[in-house]
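*Asks:* Each chain, letter by letter, is given below.
Number of protein chains: 2
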Amino acid sequence: MSDSSPDPKVRADGPLLTRDAGPHRPGPVDGGSWSALHAEGVRPDFLSWFAERTRSTYCRVDRVPLDRLPGWAFDPVTGNLGHESGRFFVIEGLHVQTTYGAVREWHQPIINQPEIGILGMLVKVVDGTPYCLLQAKVEPGNINVMQLSPTVQATRSNYTRVHRGGGTKYLDYFTRPGAGRVLVDVLQSEQGSWFLRKRNRNMVVQVDEDVPAGDYHRWLPLRELLALLRVDGLVNMDTRTVLSCLPSAFYAAAQETEAPSSPAVAAIVRSAAGAPGRHDLVSVLSWFTGAKGRHEMTVRRVPLRGLPDWRHTADGIARDDGRHFSVVGVTVRIDNREVTGWSQPLLYPRHRGVVAFLVKEIDGVAHLLVHARYQAGLLDAMEMGPTVQCIPDNQPGPRPLFLAEVLEAAPERVLYDTVLTEEGGRFYRSENRYLLVDAGDDFPTEVPDEFCWVTVRQLEALLRHGYYLNIEARSLLACLRSLW
Amino acid sequence: MSDSSPDPKVRADGPLLTRDAGPHRPGPVDGGSWSALHAEGVRPDFLSWFAERTRSTYCRVDRVPLDRLPGWAFDPVTGNLGHESGRFFVIEGLHVQTTYGAVREWHQPIINQPEIGILGMLVKVVDGTPYCLLQAKVEPGNINVMQLSPTVQATRSNYTRVHRGGGTKYLDYFTRPGAGRVLVDVLQSEQGSWFLRKRNRNMVVQVDEDVPAGDYHRWLPLRELLALLRVDGLVNMDTRTVLSCLPSAFYAAAQETEAPSSPAVAAIVRSAAGAPGRHDLVSVLSWFTGAKGRHEMTVRRVPLRGLPDWRHTADGIARDDGRHFSVVGVTVRIDNREVTGWSQPLLYPRHRGVVAFLVKEIDGVAHLLVHARYQAGLLDAMEMGPTVQCIPDNQPGPRPLFLAEVLEAAPERVLYDTVLTEEGGRFYRSENRYLLVDAGDDFPTEVPDEFCWVTVRQLEALLRHGYYLNIEARSLLACLRSLW
Numbered sequence: 155m156s157d158s159s160p161d162p163k164v165r166a167d168g169p170l171l172t173r174d175a176g177p178h179r180p181g182p183v184d185g186g187s188w189s190a191l192h193a194e195g196v197r198p199d200f201l202s203w204f205a206e207r208t209r210s211t212y213c214r215v216d217r218v219p220l221d222r223l224p225g226w227a228f229d230p231v232t233g234n235l236g237h238e239s240g241r242f243f244v245i246e247g248l249h250v251q252t253t254y255g256a257v258r259e260w261h262q263p264i265i266n267q268p269e270i271g272i273l274g275m276l277v278k279v280v281d282g283t284p285y286c287l288l289q290a291k292v293e294p295g296n297i298n299v300m301q302l303s304p305t306v307q308a309t310r311s312n313y314t315r316v317h318r319g320g321g322t323k324y325l326d327y328f329t330r331p332g333a334g335r336v337l338v339d340v341l342q343s344e345q346g347s348w349f350l351r352k353r354n355r356n357m358v359v360q361v362d363e364d365v366p367a368g369d370y371h372r373w374l375p376l377r378e379l380l381a382l383l384r385v386d387g388l389v390n391m392d393t394r395t396v397l398s399c400l401p402s403a404f405y406a407a408a409q410e411t412e413a414p415s416s417p418a419v420a421a422i423v424r425s426a427a428g429a430p431g432r433h434d435l436v437s438v439l440s441w442f443t444g445a446k447g448r449h450e451m452t453v454r455r456v457p458l459r460g461l462p463d464w465r466h467t468a469d470g471i472a473r474d475d476g477r478h479f480s481v482v483g484v485t486v487r488i489d490n491r492e493v494t495g496w497s498q499p500l501l502y503p504r505h506r507g508v509v510a511f512l513v514k515e516i517d518g519v520a521h522l523l524v525h526a527r528y529q530a531g532l533l534d535a536m537e538m539g540p541t542v543q544c545i546p547d548n549q550p551g552p553r554p555l556f557l558a559e560v561l562e563a564a565p566e567r568v569l570y571d572t573v574l575t576e577e578g579g580r581f582y583r584s585e586n587r588y589l590l591v592d593a594g595d596d597f598p599t600e601v602p603d604e605f606c607w608v609t610v611r612q613l614e615a616l617l618r619h620g621y622y623l624n625i626e627a628r629s630l631l632a633c634l635r636s637l638w
Numbered sequence: 155m156s157d158s159s160p161d162p163k164v165r166a167d168g169p170l171l172t173r174d175a176g177p178h179r180p181g182p183v184d185g186g187s188w189s190a191l192h193a194e195g196v197r198p199d200f201l202s203w204f205a206e207r208t209r210s211t212y213c214r215v216d217r218v219p220l221d222r223l224p225g226w227a228f229d230p231v232t233g234n235l236g237h238e239s240g241r242f243f244v245i246e247g248l249h250v251q252t253t254y255g256a257v258r259e260w261h262q263p264i265i266n267q268p269e270i271g272i273l274g275m276l277v278k279v280v281d282g283t284p285y286c287l288l289q290a291k292v293e294p295g296n297i298n299v300m301q302l303s304p305t306v307q308a309t310r311s312n313y314t315r316v317h318r319g320g321g322t323k324y325l326d327y328f329t330r331p332g333a334g335r336v337l338v339d340v341l342q343s344e345q346g347s348w349f350l351r352k353r354n355r356n357m358v359v360q361v362d363e364d365v366p367a368g369d370y371h372r373w374l375p376l377r378e379l380l381a382l383l384r385v386d387g388l389v390n391m392d393t394r395t396v397l398s399c400l401p402s403a404f405y406a407a408a409q410e411t412e413a414p415s416s417p418a419v420a421a422i423v424r425s426a427a428g429a430p431g432r433h434d435l436v437s438v439l440s441w442f443t444g445a446k447g448r449h450e451m452t453v454r455r456v457p458l459r460g461l462p463d464w465r466h467t468a469d470g471i472a473r474d475d476g477r478h479f480s481v482v483g484v485t486v487r488i489d490n491r492e493v494t495g496w497s498q499p500l501l502y503p504r505h506r507g508v509v510a511f512l513v514k515e516i517d518g519v520a521h522l523l524v525h526a527r528y529q530a531g532l533l534d535a536m537e538m539g540p541t542v543q544c545i546p547d548n549q550p551g552p553r554p555l556f557l558a559e560v561l562e563a564a565p566e567r568v569l570y571d572t573v574l575t576e577e578g579g580r581f582y583r584s585e586n587r588y589l590l591v592d593a594g595d596d597f598p599t600e601v602p603d604e605f606c607w608v609t610v611r612q613l614e615a616l617l618r619h620g621y622y623l624n625i626e627a628r629s630l631l632a633c634l635r636s637l638w
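Chains as they are written, first to last, in the working numbering: chain B, 155 to 638; chain G, 155 to 638.
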């Protein structure tokens with residue numbers, strides 16, 4: 155079955171490319187928020203380069219029923235969906251029981267991809283100005299086809315050549331000791347609701363020598379990259395998580411040295427500079443340790459076959475009530491990456507999510523309200539998430555805590571508001587609206603047990619280690635760096 | 155079946171109590187290394203108090219076949235062994251496949267205890283001298299019946315009263331916010347070869363007020379506690395892991411201010427004081443992240459029933475070849491804790507293990523040789539272990555790397571050598587010989603990929619976070635604090 159009807163989620167205007175699901179050559183990047191970028195210091199030559207890469211990329215993604223997906227098969231016993239090579243990933247079932255929250259038990263399909271991939275960014279400082287080597291990369295799930303990815307984005311299957319494609323460019327810088335100075339090297343989780351214990355190696359390596367950019371790679375000043383974070387759907391998830399792990403010291407050279415644009419931003423700058431917070435780091439860690447022990451979550455891998463509440467249709471695997479997500483199959487043709495044609499399942503979230511931090515100035519220092527959040531697929535069941543992280547249309551019960559404060563904030567309180575997508579190599583047309591909202595002086599300092607006010611510098615300290623901040627929180631922290 | 159034959163592993167001399175498996179009242183603590191303690195500043199009143207507690211404690215542990223263990227039953231479908239309440243823990247099967255090491259695939263029973271317990275120690279500083287509140291505690295698996303445990307040692311089942319015993323003394327200090335100043339609060343793993351993803355909350359809380367010691371509790375100067383770490387089988391595993399997480403600053407007041415006893419100890423003191431090491435912390439973290447990604451380990455929970463290579467006998471569940479461990483049942487009567495009688499399975503390691511750090515002075519600073527070690531039950535499959543961690547009699551192939559260097563070291567190179575036991579609430583008569591060995595100047599600085607030289611202060615920084623250092627490494631780090 156090829157998906158020939160226009161998808162209602164595709165937006166016909168704005169910077170996300172209009173896209174039919176059939177064969178197409180995406181047009182040049184264009185849209186409202188792009189023109190504003192010139193004023194923010196993004197040079198026209200990047201814009202024309204990216205438009206040209208997009209133009210010269212042929213991409214076709216066709217929906218295919220899962221049972222006719224070349225190279226993939228349902229296991230005759232478990233019904234799990236896997237690749238014939240035994241590699242890449244497997245869609246299997248999960249049974250979750252917990253003592254926390256409104257829904258205490260459920261079943262769901264989940265992506266099991268135990269191998270560790272590399273998300274690596276090369277950086278270089280020229281005359282005091284930091285630069286990053288980005289890649290214009292196509293992924294089959296992207297709404298807008300092409301996004302800005304880190305220098306290297308490779309699963310272990312990729313770089314050990316399971317699919318027999320070409321070598322991954324620049325990979326040596328991240329696997330060969332001494333190829334550069336390692337600034338960041340940490341395992342971080344990915345979507346805990348969709349992946350089972352997935353983690354990737356987030357790396358930043360600084361080089362001094364000249365490293366030429368290939369056809370689809372480009373050295374971009376960090377400052378321009380931060381500005382591009384304010385464009386809908388442009389900077390991909392992998393770039394955001396890698397950026398989030400960079401220490402403040404590296405950002406300093408790229409950021410505004412003049413007076414911040416507003417008192418709220420000034421308080422964030424102080425927060426990133428290490429001004430003391432409401433709690434010291436030992437107390438923040440103690441709060442988090444306590445939260446992990448307060449409830450229990452039991453997670454059990456079960457066969458995908460016969461998963462309660464889910465069924466196979468011509469369209470994929472979906473819930474009876476249409477909520478949450480479905481698993482769909484696609485066949486892909488792309489002309490500018492290692493492998494030019496393949497098939498795979500993708501997880502298709504049915505609605506747009508909201509991911510937001512409330513920010514509050516306490517004693518002159520901005521604090522972010524983090525949420526100790528259970529997610530069934532996380533390695534230790536809990537990480538710190540943003541204040542709000544939900545798909546409003548999926549919520550069966552009352553609205554999640556603080557969602558109203560975020561969505562109904564006065565415009566002058568909204569510090570950041572951009573639609574970004576999640577990993578297009580695993581998720582089909584996933585979208586989240588990322589927001590940073592000034593909670594204001596009247597917002598209470600006392601918060602429920604599972605929330606805590608922390609400073610930007612404290613989060614930076616935690617980001618040296620894995621499994622503290624979930625992918626959604628990390629994405630937003632990268633966006634926060636674009637505010638000054 | 156009651157185990158009426160004397161166990162060959164029980165030692166008839168030395169400080170570990172001679173113990174028949176039948177009904178008994180353990181005699182007073184006595185043995186060679188005790189008398190030396192007076193010279194090291196351990197006051198006779200502690201010794202007499204501990205001897206008196208031991209005398210006044212009645213304890214009887216009887217071996218019982220697993221299928222006649224009161225309150226426990228094999229699941230009719232999976233054959234897993236669990237408690238009728240559904241709590242405490244379950245003995246189930248594990249199937250492990252890995253690309254690393256000599257044995258690439260195996261099955262084993264494993265203890266699944268997903269709930270988080272508390273290992274909590276109250277501390278207090280009086281006139282500049284730090285004190286710890288210890289407990290003389292009996293566990294059924296202890297060879298010597300009574301050991302020194304932290305103030306509180308409670309599983310979640312314990313303190314939520316699943317077994318309907320009395321309340322846990324002092325628990326409020328660790329669960330009530332603001333009851334004291336939290337110095338340490340971190341989730342740490344336990345034996346990765348025997349537990350599936352087990353973790354406990356390691357806590358140290360400092361109080362200013364007077365907290366009276368109950369009958370089986372005692373305030374002990376930290377300096378005396380460190381000296382007691384040199385007595386075979388006295389300080390239990392839970393005390394050791396909690397001690398290991400205490401920052402150097404807290405130890406400083408308890409430790410020798412005079413000249414260290416040897417150049418090797420002087421180098422360790424510098425290492426703990428923060429002298430720069432061979433690698434900076436970013437490089438150590440990068441080495442560890444790289445090691446995690448180099449191989450894969452797939453762990454799958456499987457039914458205990460029909461586990462390949464293992465069989466049920468009258469004696470418990472054991473391997474056909476007698477290696478590794480067996481699962482045995484015991485019925486317990488103890489007269490001085492919350493519940494005075496119960497039954498449970500215990501994991502019974504068949505041989506004594508060796509746990510050792512090689513220590514080497516590099517540019518005047520002591521470095522410990524840590525090993526990035528896979529263990530199937532660990533949450534992220536790998537943590538840093540000591541240089542050597544093995545049960546020599548279990549090894550089917552060649553001797554583990556560096557075992558010879560440890561066991562054949564000249565006596566003047568052996569900085570620490572004490573037999574300590576693992577958690578007596580889960581393990582039956584487990585013993586490890588813990589060693590700190592000066593590797594000497596001739597030992598190479600270049601080591602295999604999965605090893606790294608780190609300073610004491612670097613390990614202290616990692617211990618603020620969970621899942622970096624395994625329980626064996628943490629135990630040894632506590633012991634290291636006893637050297638000066």
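Rather than coming from a laboratory, the hints here were simulated on the basis of the structure. Keep in mind the model is a prediction, meaning the values are calculated, not measured. Check before you lean on any hint, since a few could be wrong.
As the list makes no split between identical chains, a pair holds if one copy fits it or if it spans any two.
The calculated lysine to aspartate or glutamate pairs, modelled on EDC-like cross-linking and capped at a C-alpha distance of 20 Å, are [stated by the list, open to error]:
#, residue 1, residue 2
1, K446, D534
2, K278, D369
3, K278, D534
4, K446, D326
5, K278, E566
6, K446, D595
7, K278, D596
8, K446, D364
9, K446, E585
10, K323, D281
*Asks:* Each of the hints needs a verdict: does it hold here or not?
*Replies:* Each hint tested on the structure:
Taking the shortest Cα distances, K446 and D534 sit within 20 Å of each other both inside one copy (8 Å) and across copies (17 Å). Proximity of K278 to D369 under the C-alpha cut-off of 20 Å is restricted to the intra-copy arrangement: shortest distance 19 Å within a copy versus 64 Å between copies. In this assembly of identical chains, K278 and D534 lie within 20 Å of each other by CA distance neither inside one copy nor across copies; the values are 35 Å within and 32 Å between. For a Cα distance limit of 20 Å, the shortest separation of K446 from D326 across copies, 18 Å, qualifies, whereas the shortest one inside one copy, 38 Å, does not.
Taking the shortest alpha-carbon separations for K278 and E566, neither the intra-copy value of 36 Å nor the inter-copy value of 50 Å comes in at or below 20 Å. Proximity of K446 and D595 under a CA criterion of 20 Å is satisfied in neither setting, with 30 Å inside one chain copy and 45 Å between copies. In this assembly of identical chains, the alpha carbons of K278 and D596 never lie at most 20 Å apart, being 43 Å within a copy and 40 Å across copies at closest. When the C-alpha separation of K446 and D364 is checked against a cutoff of 20 Å, the pair qualifies neither within a copy, at 46 Å, nor between copies, at 30 Å.
In this assembly of identical chains, K446 and E585 lie within 20 Å of each other by CA distance neither inside one copy nor across copies; the values are 29 Å within and 31 Å between. In this assembly of identical chains, the alpha carbons of K323 and D281 never lie at most 20 Å apart, being 26 Å within a copy and 63 Å across copies at closest.
Violated hints for the displayed structure, listed by number in ascending order: 3, 5, 6, 7, 8, 9, 10.
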